[in-house]
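2 protein chains.
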Amino acid sequence: MRDDSPSPPVDDIMCATYRALCRHGYANLTMQDIADEWSKSKAALHYHYDTKHGLLLAFLEHLFESYTDRVADPGEGTPRDRLHALVAAALDPPQADVTRELRTALFEVKAQAPHDDAFRERLEQFDRYLHAEIRGVVGAGVEDGSFTDVDPDEAATLLVTLVNGAHSRRVALGTDADVSEAIRSYIDEQLVRGESTQR
Amino acid sequence: MRDDSPSPPVDDIMCATYRALCRHGYANLTMQDIADEWSKSKAALHYHYDTKHGLLLAFLEHLFESYTDRVADPGEGTPRDRLHALVAAALDPPQADVTRELRTALFEVKAQAPHDDAFRERLEQFDRYLHAEIRGVVGAGVEDGSFTDVDPDEAATLLVTLVNGAHSRRVALGTDADVSEAIRSYIDEQLVRGESTQR
Chain Y
1 MRDDSPSPPV
11 DDIMCATYRA
21 LCRHGYANLT
31 MQDIADEWSK
41 SKAALHYHYD
51 TKHGLLLAFL
61 EHLFESYTDR
71 VADPGEGTPR
81 DRLHALVAAA
91 LDPPQADVTR
101 ELRTALFEVK
111 AQAPHDDAFR
121 ERLEQFDRYL
131 HAEIRGVVGA
141 GVEDGSFTDV
151 DPDEAATLLV
161 TLVNGAHSRR
171 VALGTDADVS
181 EAIRSYIDEQ
191 LVRGESTQR
Chain W
1 MRDDSPSPPV
11 DDIMCATYRA
21 LCRHGYANLT
31 MQDIADEWSK
41 SKAALHYHYD
51 TKHGLLLAFL
61 EHLFESYTDR
71 VADPGEGTPR
81 DRLHALVAAA
91 LDPPQADVTR
101 ELRTALFEVK
111 AQAPHDDAFR
121 ERLEQFDRYL
131 HAEIRGVVGA
141 GVEDGSFTDV
151 DPDEAATLLV
161 TLVNGAHSRR
171 VALGTDADVS
181 EAIRSYIDEQ
191 LVRGESTQR
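Residue numbers (this note's numbering), protein chains in the order written: chain Y, 1 to 199; chain W, 1 to 199.
It is possible that part of the hints are untrue.
One copy or two, either will do: identical chains are not told apart, so a pair holds if it fits within one copy or between any two.
Derived SDA-like pairs: lysine to any residue, alpha-carbon spacing no greater than 25 Å straight-line [unchecked claim]:
(1) Lys52 <-> Gly174
(2) Lys52 <-> Tyr26
(3) Lys42 <-> Pro9
(4) Lys52 <-> Leu173
(5) Lys52 <-> Leu29
(6) Lys40 <-> Arg122
(7) Lys40 <-> Asp92
(8) Lys42 <-> Asp151
Worth flagging that the hints you see were computed from the coordinates, not collected in a lab.
Between the sequences and the hints, there should be enough to build the whole structure, so can you do that?
Written out as structure tokens, the structure is:
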């Protein structure tokens with residue numbers, strides 16, 4: 001975005017980018033596709049974003065903001081309930097803001113990350129944020145004794161990796177129902193202190 | 001491959017495909033690139049494989065055979081040792097047969113899977129195979145009492161998803177060292193019956 005431009009209609013452009021990505025996928029996406037969804041000219045789009053790369057970085061930022069709004073430690077309730085809510089939101093962000101098409105397009109962006117430091121940094125943000133939220137809730141559970149004495153950092157790494165793996169399986173294989181169930185069991189049987197841990 | 005062709009120099013073509021994928025990535029790969037790596041003409045390559053799609057499916061089959069050779073329940077030792085060996089092999093196939101470049105190219109193939117049933121079926125093979133191997137070892141551990149009373153099916157789903165997530169993080173973020181450590185801890189602290197499970 002240029003410094004001398006008026007405040008751009010960012011939300012509209014982000015929505016247009018969202019629709020264009022869902023419709024065309026990442027590999028074939030052009031600035032013209034995005035301009036078409038925005039119902040303005042390609043020149044108007046270039047006024048706000050010089051390059052497709054810059055626009056996509058802004059889109060990843062936009063997604064990240066929406067992610068942190070929707071995937072967060074609820075802060076209230078037992079650590080167990082908070083962790084279930086947090087992981088469920090990470091697996092399936094509420095308000096269906098991430099459709100199958102967008103998920104697939106983002107997976108393509110992820111496949112570009114090895115070649116693109118800026119993409120990689122934006123993608124790392126999501127994992128780092130989720131890790132910190134989970135670590136906080138697990139730490140609270142360990143502290144109040146409702147969780148077993150796990151290392152909150154390691155448990156968070158495990159859960160973030162499970163969420164990554166679930167997304168990968170959902171995109172590539174079209175399903176992850178068994179994974180959601182296995183993650184819930186992991187939380188209830190391995191993390192939460194209860195009957196099943198009194199072995 | 002055509003029925004009337006002589007037995008093709010499959011291994012050579014597979015090696016050429018491997019090198020071409022590492023060099024060019026999946027998105028830009030052409031039959032010419034593969035022919036160049038094979039040091040033969042594109043026509044000669046087309047004699048064996050009609051289409052790039054058919055050749056890539058054959059390549060995925062080839063990788064799957066190599067995968068089952070290298071990633072397998074060792075069958076000897078304690079269930080704990082067998083599980084650690086199996087998961088370590090799945091995270092890092094021995095003999096360095098999967099380089100960073102190939103891993104990235106395969107991730108791109110994975111991103112195509114939602115659009116391509118044949119790719120998806122080939123990719124499912126890897127997960128199904130790994131799941132069955134892990135389930136067998138965990139089942140043996142539960143049976144001989146060295147593991148806690150987990151559901152072997154669920155533990156296998158969790159570990160396969162962790163391996164998927166670790167690969168995804170390694171491709172997209174360039175690292176998964178913390179993940180390997182967290183998976184090892186999960187096995188030793190949550191699956192294997194021992195001091196730490198006598199809570």
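Taking the hints in turn, this is what the structure says about them:
1. Lys52 <-> Gly174: between (29 Å within a copy, 24 Å between copies)
2. Lys52 <-> Tyr26: Result: close both inside a copy and across copies, 11 Å intra and 21 Å inter.
3. Lys42 <-> Pro9: Within one copy only: 14 Å inside, 50 Å across.
4. Lys52 <-> Leu173: For Lys52 and Leu173, only the inter-copy Cα distance (22 Å) is at most 25 Å; the intra-copy one is 29 Å.
5. Lys52 <-> Leu29: Both, since 9 Å and 23 Å are each at most 25 Å.
6. Lys40 <-> Arg122: For Lys40 and Arg122, neither the intra-copy (27 Å) nor the inter-copy (42 Å) Cα distance is at most 25 Å.
7. Lys40 <-> Asp92: neither (33 Å within a copy, 49 Å between copies)
8. Lys42 <-> Asp151: neither (51 Å within a copy, 56 Å between copies)
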